[in-house]
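A.B. asks: Note that the protein sequences, when read in sequence, are chains A and B.
Just so we're aligned: the first sequence equals residues 6 to 554 in this note's numbering.
Just so we're aligned: the second sequence equals residues 6 to 554 in this note's numbering.
For the record, the hints were derived by calculation from the structure and aren't laboratory data.
You can trust all of the hints, since none of them are fake.
Cβ-Cβ distance ranges computed for the label pairs, FRET-style:
1. Lys122(A) x Pro535(B): 35 to 41 angstroms
2. Asp43(A) x Arg372(B): 49 to 55 angstroms
3. Ser353(B) x Ala491(A): 52 to 58 angstroms
4. Ala417(B) x Asp327(A): 25 to 31 angstroms
5. Gln550(A) x Glu64(B): 53 to 59 angstroms
6. Lys408(A) x Lys193(B): 46 to 52 angstroms
7. Pro380(A) x Arg372(B): 25 to 31 angstroms
8. Tyr291(B) x Ile513(A): 53 to 59 angstroms
9. Tyr291(B) x Phe339(A): 34 to 40 angstroms
10. Lys122(A) x Ala417(B): 19 to 25 angstroms
Positions of the beta carbon are idealized from the N, C-alpha and C atoms, including for glycine.
So the chains spell out like this:
There are 2 protein chains.
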Amino acid sequence: MKTSSLQIARAAYQPKLPKILKNQVKLVEGEKTQSVADQKEIEELFPNTYGMPLLKFEECSENPNFSAINTGVILSGGQAPGGHNVISGLFDGLKHIHKDSKLYGFLMGPGGLVDHKYIELTTEIIDEYRNTGGFDIIGSGRTKLEDPAQFDKGLEILKQLDIKALVIIGGDDSNTNACVLAEYYKAKNAGIQVIGCPKTIDGDLKNDMIETSFGFDTACKVYSELIGNIQRDCNSARKYWHFIKLMGRSASHITLECALQTQPNVCLISEEVETKQQSLDEIVTYIAETVAHRGNHGNNFGTVLIPEGLIEFIPEMRVLMDELNDFLADNDDFSMMDKNKQRDYVISHLSPKNAGVYASLPEGVARQLTLDRDPHGNVQVSLIETEKLLAEMVGVKLQQWAKEGKYKGKFAAMTHFFGYEGRCAAPSNFDADYCYSLGYTASLLIANGKTGYMSSVKNTTEPAEKWVAGGVPTTMMMNMEKRHGAMKPVIQKALVKLDGAPFQTFSIHREQWAKETCYVYPGPIQYFGPTEVCDQPSKTLLLEQGKTI
Amino acid sequence: MKTSSLQIARAAYQPKLPKILKNQVKLVEGEKTQSVADQKEIEELFPNTYGMPLLKFEECSENPNFSAINTGVILSGGQAPGGHNVISGLFDGLKHIHKDSKLYGFLMGPGGLVDHKYIELTTEIIDEYRNTGGFDIIGSGRTKLEDPAQFDKGLEILKQLDIKALVIIGGDDSNTNACVLAEYYKAKNAGIQVIGCPKTIDGDLKNDMIETSFGFDTACKVYSELIGNIQRDCNSARKYWHFIKLMGRSASHITLECALQTQPNVCLISEEVETKQQSLDEIVTYIAETVAHRGNHGNNFGTVLIPEGLIEFIPEMRVLMDELNDFLADNDDFSMMDKNKQRDYVISHLSPKNAGVYASLPEGVARQLTLDRDPHGNVQVSLIETEKLLAEMVGVKLQQWAKEGKYKGKFAAMTHFFGYEGRCAAPSNFDADYCYSLGYTASLLIANGKTGYMSSVKNTTEPAEKWVAGGVPTTMMMNMEKRHGAMKPVIQKALVKLDGAPFQTFSIHREQWAKETCYVYPGPIQYFGPTEVCDQPSKTLLLEQGKTI
Numbered sequence: 006m007k008t009s010s011l012q013i014a015r016a017a018y019q020p021k022l023p024k025i026l027k028n029q030v031k032l033v034e035g036e037k038t039q040s041v042a043d044q045k046e047i048e049e050l051f052p053n054t055y056g057m058p059l060l061k062f063e064e065c066s067e068n069p070n071f072s073a074i075n076t077g078v079i080l081s082g083g084q085a086p087g088g089h090n091v092i093s094g095l096f097d098g099l100k101h102i103h104k105d106s107k108l109y110g111f112l113m114g115p116g117g118l119v120d121h122k123y124i125e126l127t128t129e130i131i132d133e134y135r136n137t138g139g140f141d142i143i144g145s146g147r148t149k150l151e152d153p154a155q156f157d158k159g160l161e162i163l164k165q166l167d168i169k170a171l172v173i174i175g176g177d178d179s180n181t182n183a184c185v186l187a188e189y190y191k192a193k194n195a196g197i198q199v200i201g202c203p204k205t206i207d208g209d210l211k212n213d214m215i216e217t218s219f220g221f222d223t224a225c226k227v228y229s230e231l232i233g234n235i236q237r238d239c240n241s242a243r244k245y246w247h248f249i250k251l252m253g254r255s256a257s258h259i260t261l262e263c264a265l266q267t268q269p270n271v272c273l274i275s276e277e278v279e280t281k282q283q284s285l286d287e288i289v290t291y292i293a294e295t296v297a298h299r300g301n302h303g304n305n306f307g308t309v310l311i312p313e314g315l316i317e318f319i320p321e322m323r324v325l326m327d328e329l330n331d332f333l334a335d336n337d338d339f340s341m342m343d344k345n346k347q348r349d350y351v352i353s354h355l356s357p358k359n360a361g362v363y364a365s366l367p368e369g370v371a372r373q374l375t376l377d378r379d380p381h382g383n384v385q386v387s388l389i390e391t392e393k394l395l396a397e398m399v400g401v402k403l404q405q406w407a408k409e410g411k412y413k414g415k416f417a418a419m420t421h422f423f424g425y426e427g428r429c430a431a432p433s434n435f436d437a438d439y440c441y442s443l444g445y446t447a448s449l450l451i452a453n454g455k456t457g458y459m460s461s462v463k464n465t466t467e468p469a470e471k472w473v474a475g476g477v478p479t480t481m482m483m484n485m486e487k488r489h490g491a492m493k494p495v496i497q498k499a500l501v502k503l504d505g506a507p508f509q510t511f512s513i514h515r516e517q518w519a520k521e522t523c524y525v526y527p528g529p530i531q532y533f534g535p536t537e538v539c540d541q542p543s544k545t546l547l548l549e550q551g552k553t554i
Numbered sequence: 006m007k008t009s010s011l012q013i014a015r016a017a018y019q020p021k022l023p024k025i026l027k028n029q030v031k032l033v034e035g036e037k038t039q040s041v042a043d044q045k046e047i048e049e050l051f052p053n054t055y056g057m058p059l060l061k062f063e064e065c066s067e068n069p070n071f072s073a074i075n076t077g078v079i080l081s082g083g084q085a086p087g088g089h090n091v092i093s094g095l096f097d098g099l100k101h102i103h104k105d106s107k108l109y110g111f112l113m114g115p116g117g118l119v120d121h122k123y124i125e126l127t128t129e130i131i132d133e134y135r136n137t138g139g140f141d142i143i144g145s146g147r148t149k150l151e152d153p154a155q156f157d158k159g160l161e162i163l164k165q166l167d168i169k170a171l172v173i174i175g176g177d178d179s180n181t182n183a184c185v186l187a188e189y190y191k192a193k194n195a196g197i198q199v200i201g202c203p204k205t206i207d208g209d210l211k212n213d214m215i216e217t218s219f220g221f222d223t224a225c226k227v228y229s230e231l232i233g234n235i236q237r238d239c240n241s242a243r244k245y246w247h248f249i250k251l252m253g254r255s256a257s258h259i260t261l262e263c264a265l266q267t268q269p270n271v272c273l274i275s276e277e278v279e280t281k282q283q284s285l286d287e288i289v290t291y292i293a294e295t296v297a298h299r300g301n302h303g304n305n306f307g308t309v310l311i312p313e314g315l316i317e318f319i320p321e322m323r324v325l326m327d328e329l330n331d332f333l334a335d336n337d338d339f340s341m342m343d344k345n346k347q348r349d350y351v352i353s354h355l356s357p358k359n360a361g362v363y364a365s366l367p368e369g370v371a372r373q374l375t376l377d378r379d380p381h382g383n384v385q386v387s388l389i390e391t392e393k394l395l396a397e398m399v400g401v402k403l404q405q406w407a408k409e410g411k412y413k414g415k416f417a418a419m420t421h422f423f424g425y426e427g428r429c430a431a432p433s434n435f436d437a438d439y440c441y442s443l444g445y446t447a448s449l450l451i452a453n454g455k456t457g458y459m460s461s462v463k464n465t466t467e468p469a470e471k472w473v474a475g476g477v478p479t480t481m482m483m484n485m486e487k488r489h490g491a492m493k494p495v496i497q498k499a500l501v502k503l504d505g506a507p508f509q510t511f512s513i514h515r516e517q518w519a520k521e522t523c524y525v526y527p528g529p530i531q532y533f534g535p536t537e538v539c540d541q542p543s544k545t546l547l548l549e550q551g552k553t554i
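The shape of chain A in the complex, shown without the other chains (with noise of 0.2 angstroms):
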């Protein structure tokens, strides 16, 4: 593998660790614990791993004296940068606990362990991969860990390795599962310790016990650059307006985030939409309202951030989606006919209010709601170009104003989408520091028997030395949701909080950052610089513990 000149010097970075995991520690238990909400249900589906203490780990003199013990880890769905950083620091863990313990990775995610497919982590395999983004180690996967066939299957190759501990790696979702497996292998007296690392770039899993997942910053900060780079353009050639969307499905931290850093003239917010019951022409007429503001004072060029899952936060686009999914299942008249008459046939069969709103938008757009659908029967949300369909609505609004004589700019747009660009990138150190910690953190979890915890990092926005290592257990985390039909029990997910620190600080300034021209610049991150510019955890992160930006 031929490295870039960076991957040497970084390669060499050794991660901050908290201070006390440096020493030999022990672990204390808090108080008994209680999920966030549906206790008597999470209670009863996880009888052997409810209810248990938070944990936290103190310096103490003593040698506890480990025997080496073999751990299995997988990378389960998207990247975020830093995974190989938690696996490494799980290594660099397991090994001081005893240097005969073992590590297996299991191949491309979860299948891995169902399929039998793994590779010894050696010491040569980790140093190459120490401080890189990606999740080449051992690859990702999105199967998901739901069915006792696979908890057996995976149990088979777990014994035959003699492991006795597996790290899931995951987001919200893979954590549920890894919880469920921990039960499962308890209830089993299987021997199997389970303990799972919160993991998402979308920043959705993170509550009172999770400061927040890992990747999240160093997309973010990816993102940023980007933005502060079209914004320094857009404010150089003054005569474009830039649509940019940023990956987010369901919660628009990363957008907030990326706004809070680089001060965008028009920042969407998708929990914000949904909760104010805005409408697309509201969102439309906001936008052109902003432009033409601008423009009416000569100021041409602007950026608007836009969180990749809005969409689906209009509720009139859930509505008339949800219609268009029920009518066009099995419609054989509409499949049959000429491309060119489905438009009007949609418009003409469809209820009122939900024609109207499908009439207003772009051809392209309406095609795709029509025409792309996913195996299950329903719209493809995720190919809704929403920055070209605002950018093209926006244009349509300006023209009217114009002739009306209420707008004198001109309008121009660019778009562009932002996600591929900032999963895999190199963990800024924060991530980097972050990651390892996790890492080894699990390691002194299932050094000490634990299974169905968390390993957990705290007091993240202080130097790495003052953060403080511990376990959650992950029912804690849990309520009870209605998935595919049936109530389950998950992690509550994370969105944006409209009464957070983040939110309000951005709510407080974005007329003035709509009006002016505010942009701020963060530049590509660095690695080797000062600590003010290089150890920076996330804005959001800053001000959900309470600190100014």
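Chain A is fixed; fit chain B onto it per the hints.
C.D. replies: Using the frame of chain A, we list chain B on its own:
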């Protein structure tokens, strides 16, 4: 203006200057020069600025004792990283020459000179923009200075501000026009010197005298960071082909440089396509064969780099677009026709070969070729989403091969276009140093009374202190070319040379890169780390100067 922590830290960076410029220098004249072609015509057009000698600065012991000089500066055309450093180098040089020298910036490009829009650039303003990206210090624009009426209008304000010299920072066209202006003012004995500086991220303004244009290094490093991130994602998820289009309409230097930095599976070079007279189907087949080979070996992922201008370099597409432009000009039948009948109408009216090519195009692109036309009635090539066109056509071909049993893989494509993400990035150390040196050199050319020159800094693959500073007569780089129907003197555009070291290096490796997975992940531009990470010039420049990479 709120500035990011990186900007604050970066403001303190003192760009490296050639050692020679830190001392007292004298100007040494070399041989008289000739234009690269059409000597007779160029000499006739530039009687006062033709044939001047090459210039080089050398150390001298005596203090030249210059008087104060007021200078104007213009940013022309598209943004490129480092423009602010040319201006700060020029400013520092002028102040070094005499503390009472003043620098005026004309606003929003060459139009600012004609319209008398300017600001005085003070120490306070300059300090705010050192080492930053963008052209926002004075803005840029695309007004062409071609007409004596503009020159005379400009002269009014130059006289009024007692300006003795004008520095024009631009690409090949802008530098050509700068020389026309130099000639005009010299012929008129107006007492205004004009000096050019070589800017363009496209990298097509270079030759034996100008080793590289500024901005190319930074822009390519930003794009390569993103391509590397996508490749790491692609190699982790192992399920997508990413089709990535990169800025660069007429030359493919950016795409080639990014390929040398990241080692993608496929990279198309427009100059090769044109030289080999490749058809669209040949290109699609080449990509599809690579996808099929990888897919048949279980690797259903990869990357394809595509230069923005590709479509215009495919001979059959050029012929098709020419016929379409003629056929559709003032064609009322077509424009009044039901949109859904236009495609068949076009196919039935084109000449047989063009009809075949047109019929092979996906619907969206075919429509774009007939619908969106610029004010001159031509196809708007920049609107054609070549990356989607190729992804779709490759998909169709693979489906056919799958039916024939020749292909057993899975193909899913993602598309990206990177351009605006890199034009205004904060300059790399290379561009920061190179630009500052170009600006500083320009001030010395001015102090020495020169006009019709471009600022030149050579030996740029060595450490900055060994760089060589001087001036190149702009006429030396010119030849006669047909523009809008008339022969004009222009600076020869540097296209990718198929026998040059950068393309040859790529060409030797591409088969291996296609079949194996040889991705390199360059990561983001670093400013504070070890010199092998922070101070490397582009691979293209290294190879062109006979170095290895």
